[in-house]
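Visitor: Starting from the given sequences, assemble the full structure and let the hints guide the process.
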Amino acid sequence: MSGNIRQVVSALRHNRIGALLVAMQIAITLAVLVNAVFIVKQRMERTSRPTGFDVENVIAIASAGFAQDFDYVTTLREDLAYLRSLPGVIAATASNSVPLGGGVGVMASLAARPNAEVHSLPGGYFEVDEQGIDALGVRLVAGRGFEQSEVEPPADSITARMPKQIIITQAFADELFPNENALGKTVYDSVDTPVTVIGIIEHMQAASADVAYVDRVSLVPRQPSSVPKNFYLVRTEPQQRDVVMRMVEGRMSTSNPDRMISWVRSLEEVRRRAYLADRNMGIFLVTITALLLTLTALSLFGLATFNVNARTKQIGTRRALGARRGDIVRYFLLENWLISTIGVVLGCVLTLAASYWLTRKYGLPRLDLIYLAGGVVGLWVLGQIAAWQPARAAAQVPPAVATRRIA
Amino acid sequence: MIEMRNINKVYRSELVETRALRELSQQVGAGEFVAITGPSGSGKTTLLNIVGLLETFDSGSLHFDGEDVSRLSDDARSRLRNEKIGFIFQSFNLIPDLSIYDNVDVPLCYRGMKAGERHRRITSALELVGLGSRMRHLPSQLSGGQQQRAAIARAIAGDPKLLLADEPTGNLDSVMAGQVLDLLQQINQSGTAIVMVTHDPHLAARAQRSVHVVDGQIAPEESGTLRAPAALAMPEARARETR
Amino acid sequence: MIRLYLRMALKSLGQNPGLTAIMVATVALGIAACVTVITMFHAMSADPIWWKSDRLYAVTLDSWDVNEPPDAARPHLPPPRLTYRDAMHLLESNIPERKTVMYVARTSILSNADRPPIAAEARFTRGDFFPMFDVPFQYGGSWSVADDTNAAPVIVLSKEVNETLFGGDNSVGRIVRWNDREFRIVGVLDTWEPQPKFYDLNRGHFEMPEGAYIPFRWGPQNKVTSASGRCWKPEPLDSYEDILGSECTWQQMWVELPDAATRERMQDLLDTYTTEQRKSGRFQRPQNNRLTNVPQWLIDQGVVQNDNRVLVGLAFAFLAVCLLNVVGLLLAKFLNAAKTIGIRRALGARKGQIFAQYFVEAAVVSTLGAALGLALGALSLKGLSIMYTVDEATRGGYRELLHFDVSSVVVAIALAAVATVVGGFYPAWRAARLPPAVYLKSQ
Ligand SMILES: Nc1ncnc2c1ncn2[C@@H]1O[C@H](COP(=O)(O)OP(=O)(O)OP(=O)(O)O)[C@@H](O)[C@H]1O
Ligand SMILES: [Mg+2]
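Note that the protein sequences, when read in sequence, are chains S, C and E.
In terms of the numbering used here, the first sequence is residues 1 to 407.
In terms of the numbering used here, the second sequence is residues 408 to 650.
In terms of the numbering used here, the third sequence is residues 651 to 1093.
Derived from the structure by calculation, the hints contain no laboratory data.
Quick look at which bits of chain E chain S covers, simulated, 3 or more residues with Cβ under 8 Å:
no., segment
1, 661-672
2, 676-690
3, 755-765
4, 871-884
5, 968-975
6, 981-987
Negatives, chain S to chain C, calculated, CB over 12 Å:
no., residue
7, T47
8, K164
9, G184
10, R279
11, L293
12, V349
All of these numbers come straight from a predicted model, not from anything done at the bench.
Think of the CB as a built atom: it goes at the ideal place given N, C-alpha and C, for glycine as much as any other residue.
Guide: Structure representation (structure tokens):
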């Protein structure tokens, strides 16, 4: 075998540029493949993070009152009464924002001590009523939900003080009070209003998927402001969602001439929109990478085929000199493997450079070397597969070619 | 060593069937030096290919060292070629990307020989043909005669029992041709049987025995060497094609 | 001569159809990928008002919290908007040729007695807005300076809103209700879709312009709150007056400065003003007052997304692979013809002729590839615009961007030319350089 390698190397040395071109191709392919797979994996992790709320069965409705004499309080009461009366509806609440779907005043900071002493932590902010927890389908792990009597009327300015009770997510609780039980503790809003933590929910995502505080969320007992719009969150029995959605769309858009229903969406749809950019980036990367792999495989295949054709006489001579079919197959696979290996080695350098650049420039996490190892093995295998058919064709060259063929 | 009996070989292409060999029987003993002559298209190369196991035949039998080779698998035939048969081609067939040294190494590699042993054989074969100082040259850096001598080194490095040469001097001038033949005779004297196709009656005369092929059959022996030049004057004409 | 080379090239390509197909497909894919991504990138970073780029400036002052920058990711930048009081002060200046402060209303519903109400955003701005940004009118025109001063209830509608509410008629002089208040229409815009929406990048970079425009002063006078804004200071914001006097930033300000001299005077004005304010305890951060032109503004505001930059890198890596592929295949092919080339050379062909012959062959491959690549690129842009479509109904977003424009075609042709030169030059050169003798001699 060692003699075989020497021969292949020698043959490659005489076609240095050609081999190097293919190797560079493999190198770039490896760099793109590894980094793309890594990015896609991260995007997928991002989009598949647990939401904490009941994605499948919650409907969000956006309503905007505009008339001069718009009676918001009555509208709220009537809308909620209507929504709660629908068959298949488990619970409904009015809210200032929609999980993963934006809203009005979606962020509020909390601190474990009054602001002067300690920096406050920003978190998602949801104004809900006594049905809020059920309407979102979040899981309460400590304390209690809101009472009807605790729910405050809409605030009249955008930075009103917080109500007296608050429910926060476990993640928020853990960050505000590391190693302590947050239940019953007092937290402070940005203007130092003291608020009591009466409940802790296991998990819930904020109104935007892109914020750092996506897992830190607080719920407060208050009806949302009417400006510019308010939302309703309605949770239905399984399988009832679409029926309820159609009913709601039909009825609410015409029931009150003083307001407009901007949209009615399932939270599934809301989440899809929130991750559209991630999904598109994923599709893009996967498409380009797949094309690149195909192209590289095709090119390895094309070059191998071409080499086999060009060396027919040589193959015949080798056969005449006693090479078995297997030897010929091995020769071409070995040649391919050597080129792949040069490419893969170059590719490792390129991959790490690209990854370094992505980390430095765009704050991507460092590449996990497992991906690189996977990519290397993958390209080796791809190369061998691409060369397999041409190598087999080479083995079929009859030995008599040695005496019959001119060139 | 080689025994051919009633061998028939027909080439079939879309339109024509060519009977390249018909009922051909011939024997070659160990250590013999046989020259094959005959007009162009008469079936000499075909004969050599069949003896060298490069091609199969349609009917008849071929025994190599008493073994019936028509039944052997492709791999077994390769092994036999590798170990017992050496080839010299009219157009040298050196592999252009490999140095002379590596070219000689090719058949030895397929035999799975140890590196030290290979090196010994390669150098001694190249020394024998007088190319000891040009082992690292590429084929394109040698003259035609040197290339053919390299090819001979490659053929004998594996110590074959039988050396097959198809017009080994066809591409060389008469001085070179003489040198190559000296070499072949030298090899023959060390015990290797040689079957050589040639058009040159002077060269054929240097073999122990000469066989004349016409129309895929062995022609009467005594007239063989004398008629060869005449045959050269009418190439292809004798190739008989039947439908 | 070129006809002969062309014929030889086609013959040679036809003899090896599989290889030719691979090469053409490779060039096509590379060009398609590049054209697609470049079109995207181009659309996203293009200056939509390049002809006025040296005159239009966004005004920003760093009035933010002394302890932290407004945007941790871009700490060198002041907040993109001004506080109300700073904006009002700067508006007094008559240095700029044109100037406006503006914001978008939080709620905005337009109605007309005989049609159902529609939601369309409304911008409170000065009459200068229209000439400053070269906004085209279909009917009527901007309101007067007097209307600006008097906070007159007049309105300019976009073409689409006018179509929805008035069936596209000339509605100038008629009345439309905005949030249930009456406004007299003074103008209707013609189609105007600057991409990106450079003058307001605070809520999406590729949104459509607003549906209605109202004199700026009317907004604060009637306590219209802003759709977007940011605050940093813990201070009471219980009434509208509180907001007007607060450190919250919510006013966008643009000025048109005709030359470098006025620009300098404007910059002086900003610096003098903040130095003055510093004495009363405001503007505690290092002085950072900026007049930013549109191209820089697009970069500062992150219009070109990281994702897109990564994709551009990717597309070029892809094209590189494609070119390497083609060069490799051509090289193998040409060198394999060494013997033929040797014979030709022996028969008297000059190096240049051999080179030309093979270069033409490479050019044929690239040209076919480029044509196919353009078609593929058009297809993939179609696919992309479907991918980026959020809603069938809503316009805006990426959807409008992704059409094949002239520049993409130019880019494709340029890329094909580069591909030909890069891909064909080296192999053809190698072929021409083959020594004729060596290959005739051996074998
Ligand atoms: N692969 C093939 N297919 C069809 N016919 C063939 C094939 N190989 C050889 N032949 C035919 O078989 C006949 C014998 O050919 P062969 O090559 O043995 O002749 P040769 O005696 O070696 O001639 P030369 O002296 O010209 O080399 C010829 O008529 C030739 O045309
Ligand atoms: Mg012959």
